[in-house]
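Enquirer: Chain residues, written in single-letter form:
Protein chains: 2
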Amino acid sequence: MKTNLNDLQLAYLAGFIDGDGSLIAQIVKKDDYILKYQIRITISMIQSTSRKHFLIQFQKELDTGTIRDRNDKITELNIIGHLTVQPLLQQLRPFLRIKLKQANLIIRICEQLSSTKNDPIKFLELCELSDQVANLNDSKKRTVTSATVKKTFQDLGLIKE
Amino acid sequence: MKTNLNDLQLAYLAGFIDGDGSLIAQIVKKDDYILKYQIRITISMIQSTSRKHFLIQFQKELDTGTIRDRNDKITELNIIGHLTVQPLLQQLRPFLRIKLKQANLIIRICEQLSSTKNDPIKFLELCELSDQVANLNDSKKRTVTSATVKKTFQDLGLIKE
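The listed protein sequences derive, respectively, from chains A and B.
All the letters of the first sequence, read from the start, carry residue numbers 1 to 161 under the numbering used here.
All the letters of the second sequence, read from the start, carry residue numbers 1001 to 1161 under the numbering used here.
Just so you know, the hints here were simulated from the structure itself, not pulled from any lab data.
Watch out, some of these pointers could steer you wrong.
Said to hold, decoys possible - Pairs of lysine-lysine, BS3-like flavour, derived with a Cα cap of 25 Å: (1) B:Lys-1073 with A:Lys-140; (2) B:Lys-1101 with A:Lys-60; (3) B:Lys-1117 with A:Lys-73; (4) B:Lys-1141 with A:Lys-52.
Stated by the list, open to error - Okay, the calculated bits of chain A under chain B, using three or more residues with CB under 8 Å as the criterion: (5) 8-16; (6) 51-62; (7) 87-101; (8) 135-142.
Glycine is no exception: its CB is placed at the ideal position from the N, C-alpha and C atoms.
Given only the sequences and the hints, what does the whole structure look like? Please build it.
Expert: So, in structure tokens, the structure goes:
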């Protein structure tokens, strides 16, 4: 990822993300993980596929991210993973307004994610922060929440009732 | 309208408009006008009503625009009229990317609008530019296009076939 974006580029991107982007913390089932779940951090920007070239321009400018056609009309640019997202959000933070709360929560998650890999209590705390991000995003399609993770941890005896 | 927005504010707003705003040139029926139609120029930004306070913040920052609840979920900030929109778009232009074409077309319309009030041929040219803006906006709900205006002008004998 580029770390030398100037303030005008960052202000523009912050505006774009505030308008049409998403800052996402998703709890994902991972059967081969000790804690059975992973928190996937994503910055997502979408555009009509006919304007895909603008997303490619953002991708080049950021020097990171993956372009994906969601269907024949919508294309998305996804920047996935806390190691990439955290430093970018740190740079964007001074310019974000509408999604500043999500950014702050996600930065907190990113900061602690590495140290919670085998710690169910701490991991659950980060899942609760992910719930808060989802609430701010008006997210309605979530199937896995911190409650799901808590139930699994209880069933596995990783935490007490 | 404020004319002393700094480059960081303009870059942010350009990003926001590129993401979620609309630059609109709408042909509106006006029975009491000599040419029977008006071109209404609008910059529109929408947000969930629960985040209306961000639109109010934009309104204060720009020192212009009208806040309107579209329904109980969606609120919009509209900046209407070529005299207000043109100077703002001139300032935003260096920072716009995705909606730059719309901005350039609308600036052309604004520049000529005053001089076409009673000139059907010239007015029709601006209606055609409005069609181009609508096409760039993937607008599907338009009922009045330059073709409608042309037909009216022909029926009224304002232009030849």
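Enquirer: For each hint, tell me whether it holds in the structure or not.
Expert: Hint by hint, here is what the structure shows:
With a C-alpha separation of about 15 Å, the suggested pairing of Lys-1073 of chain B with Lys-140 of chain A holds against the 25 Å cut-off. A threshold of 25 Å between alpha carbons decides the hint, and for Lys-1101 of chain B with Lys-60 of chain A the separation of about 21 Å falls inside it, so the pair holds. Pair hint Lys-1117 of chain B plus Lys-73 of chain A does not hold up; C-alpha atoms about 39 Å apart against a cutoff of 25 Å. Note on Lys-1141 of chain B and Lys-52 of chain A: the hinted pairing holds, with a Cα-Cα distance of about 24 Å set against a maximum of 25 Å.
With a threshold of 8 Å between beta carbons, the proposed coverage of the region 8-16 of chain A by chain B holds, since 8 of its residues qualify and at least three are required. With 3 residues carrying a beta carbon less than 8 Å from a beta carbon of chain B, the region 51-62 of chain A meets the three-residue requirement, and the given coverage holds. Counting residues of the region 87-101 of chain A whose C-beta sits closer than 8 Å to any C-beta of chain B gives 3, which meets the bar of three, so the coverage hint holds. For the region 135-142 of chain A, the stated coverage by chain B is not satisfied: 1 residues place a CB nearer than 8 Å to a CB of that chain, which falls below the threshold of 3.
Hints 3, 8 from the earlier list are contradicted by this structure; the remaining hints agree with it.
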